[in-house]
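Generate coordinates for the entire structure from the input sequences, incorporating the hints supplied.
As a plain string of letters, each chain reads:
There are 2 protein chains.
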Amino acid sequence: MNYDVQAAECRQRIEAALKTAIPATVVEPLRGAMEYALLAPGKRLRPMLLLEAHGMLSPAGNDVMDFAVALEMIHAYSLVHDDLPAMDNDVLRRGQPTCHVAYGEAMAILAGDGLLNLAHELMLASAHPRALRAAHEISACAGVHGMVGGQALDIAHTGHAVDRALIERMQTGKTAALFRAAVCGGLILAGADEAQLAAGADYSLGLGRAFQIIDDLLDLHGDAAQLGKTPGKDEAEGKLTWPAAVGESQAREDARYWTQFAVDALAPFGDRATFLRETALRALNRIS
Amino acid sequence: MNYDVQAAECRQRIEAALKTAIPATVVEPLRGAMEYALLAPGKRLRPMLLLEAHGMLSPAGNDVMDFAVALEMIHAYSLVHDDLPAMDNDVLRRGQPTCHVAYGEAMAILAGDGLLNLAHELMLASAHPRALRAAHEISACAGVHGMVGGQALDIAHTGHAVDRALIERMQTGKTAALFRAAVCGGLILAGADEAQLAAGADYSLGLGRAFQIIDDLLDLHGDAAQLGKTPGKDEAEGKLTWPAAVGESQAREDARYWTQFAVDALAPFGDRATFLRETALRALNRIS
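Taken in sequence, the protein lines are chains A and B.
With the working numbering as the guide, the letters of the first sequence map in order to residues 7 to 294.
With the working numbering as the guide, the letters of the second sequence map in order to residues 7 to 294.
Be careful, since some hints might not be right.
As the list claims (entries may be wrong) - Within a straight-line C-alpha distance of at most 35 Å, the following computed DSBU-like cross-link-like pairs (lysine-lysine) qualify: (1) B:Lys239 with B:Lys49; (2) A:Lys25 with A:Lys49; (3) A:Lys25 with B:Lys245; (4) A:Lys239 with A:Lys49; (5) B:Lys239 with A:Lys245; (6) B:Lys25 with B:Lys49.
Stated by the list, open to error - Computed from the model, here is a short list of chain A residues facing chain B with C-beta under 8 Å: (7) Met93; (8) Ile115; (9) Ile161.
Unchecked claim - Simulated coverage check for chain A against chain B, where a stretch passes if three residues somewhere in it have a Cβ under 8 Å from a Cβ of chain B: (10) 65-75; (11) 201-214.
Because the hints were derived from the structure by calculation, they are not lab data.
All residues carry an ideal CB built from backbone N, CA and C; glycine is no exception.
Take a look at the structure:
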């Protein structure tokens with residue numbers, strides 16, 4: 007199947023599931039704030055990776071969609087909290103006012119907490135026989151050894167002298183960890199063996215590193231429409247970026263290196279990995 | 007066993023477990039901020055209720071302590087986020103500077119996120135045969151239909167006209183829900199049947215309602231030392247309190263009513279419920 011058609015079809019299933027994901031029984035305005043954050047336009051890349059990674063080994067089933075939705079909830083909560091005035095202080099996200107601009111700071115904090123908690127509730131309510139292990143993988147990637155840890159490094163070191171090892175660690179936590187949650191979460195649900203899981207983890211690391219470097223490069227030159235946010239903001243705020251650490255030309259080379267690393271990791275899946283392979287290659291196309 | 011001796015012994019086991027609960031591998035200053043919040047002096051009431059509720063039906067086991075620790079992490083995260091400037095804007099908690107005063111607002115937000123996430127990781131890593139159901143109960147009580155929902159009602163309605171039904175719903179979410187997480191979480195792990203779980207839920211509702219009303223009454227008249235926070239703050243900030251809704255004398259009567267409700271609910275457990283019964287009666291003693 008054509009990549010664009012497959013992606014559009016998958017995204018449509020995800021959007022339908024997201025629309026009914028926040029229970030009507032949640033009190034207002036909490037419910038509104040959570041839905042505002044979750045349904046804001048987005049690529050749905052993480053839930054898509056989960057479903058497509060699962061699909062490499064097993065036919066699609068509705069019992070897997072709950073995990074895809076939970077992952078998007080975790081992604082959405084992290085954006086809401088990242089955008090807060092005390093964090094990145096962003097007023098626009100995906101072309102809309104950020105959650106705290108629309109609902110106030112207190113409700114945005116609670117909406118983030120609510121989304122993180124609801125993501126876990128959803129996974130814990132699953133009747134899938136591999137629910138516990140998949141939920142643990144996703145939770146571990148989202149937490150202090152993954153995404154939250156990467157975000158803490160970012161906050162703690164913004165404006166400080168550049169250190170390559172630290173930027174790698176920070177970017178792996180901030181970006182690669184949730185890709186791993188998606189890919190390995192999907193693979194676990196599909197009953198992958200240890201070798202397949204290791205391949206999925208390598209792919210996620212490569213994709214995550216490449217993605218973040220490409221994002222850093224686009225921030226240097228991209229326009230607001232392509233980027234979905236204000237370009238040049240990283241540099242102005244003293245954010246740790248890969249081009250600032252190694253230079254722009256080396257950063258381009260590294261983006262290619264990590265993309266190839268991701269593609270190579272998919273070898274054990276052969277033809278079944280077409281979608282994941284194409285996802286990595288298309289990201290790289292954004293800077294070439 | 008004497009109540010005070012039993013409580014002290016239980017608290018000591020909990021403190022020992024809390025001290026090693028944040029992995030040394032977590033990045034600084036995130037780790038410090040999480041530990042600061044988790045180890046701040048506290049009564050450890052929720053983990054104690056979990057262990058003692060479990061103990062009514064089953065001998066103590068180390069595999070249950072992870073759930074007690076997870077529950078205290080959820081309680082600690084909620085305090086860190088509640089204290090933030092955008093929420094209750096408290097600078098003192100348990101006699102110490104609040105987490106955002108000590109570590110900055112951004113790190114406090116992340117420490118809260120990290121604690122909520124780590125609580126779930128801990129439960130999901132458990133090998134206890136009833137882990138999934140207990141974790142789901144605890145997560146559901148902590149989330150948008152429980153604690154987070156109650157907190158949202160509090161934030162959304164502070165300063166508005168008083169409505170009894172809304173205050174009940176808010177206080178049930180804010181206080182009774184985590185007591186239910188403790189009691190029913192412990193009972194589930196101990197293999198309780200449906201009737202025992204219903205009794206545990208009733209006890210938690212009674213204890214939670216009584217606790218919150220007693221807290222509201224103490225806020226009217228208590229001194230800072232007894233209260234652990236500045237008295238009169240609720241009224242000054244237009245917080246929804248039970249005495250403001252029904253009058254002080256009725257509030258005292260309601261505190262007694264809900265305490266009795268909690269005690270009566272324990273009937274199916276007979277003599278095994280001494281600790282839980284005494285916990286409810288001692289809370290009431292604070293206002294008599």
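- So which of the earlier hints does this model not fit? Hints 5, 10 and 11 not satisfied by this model.
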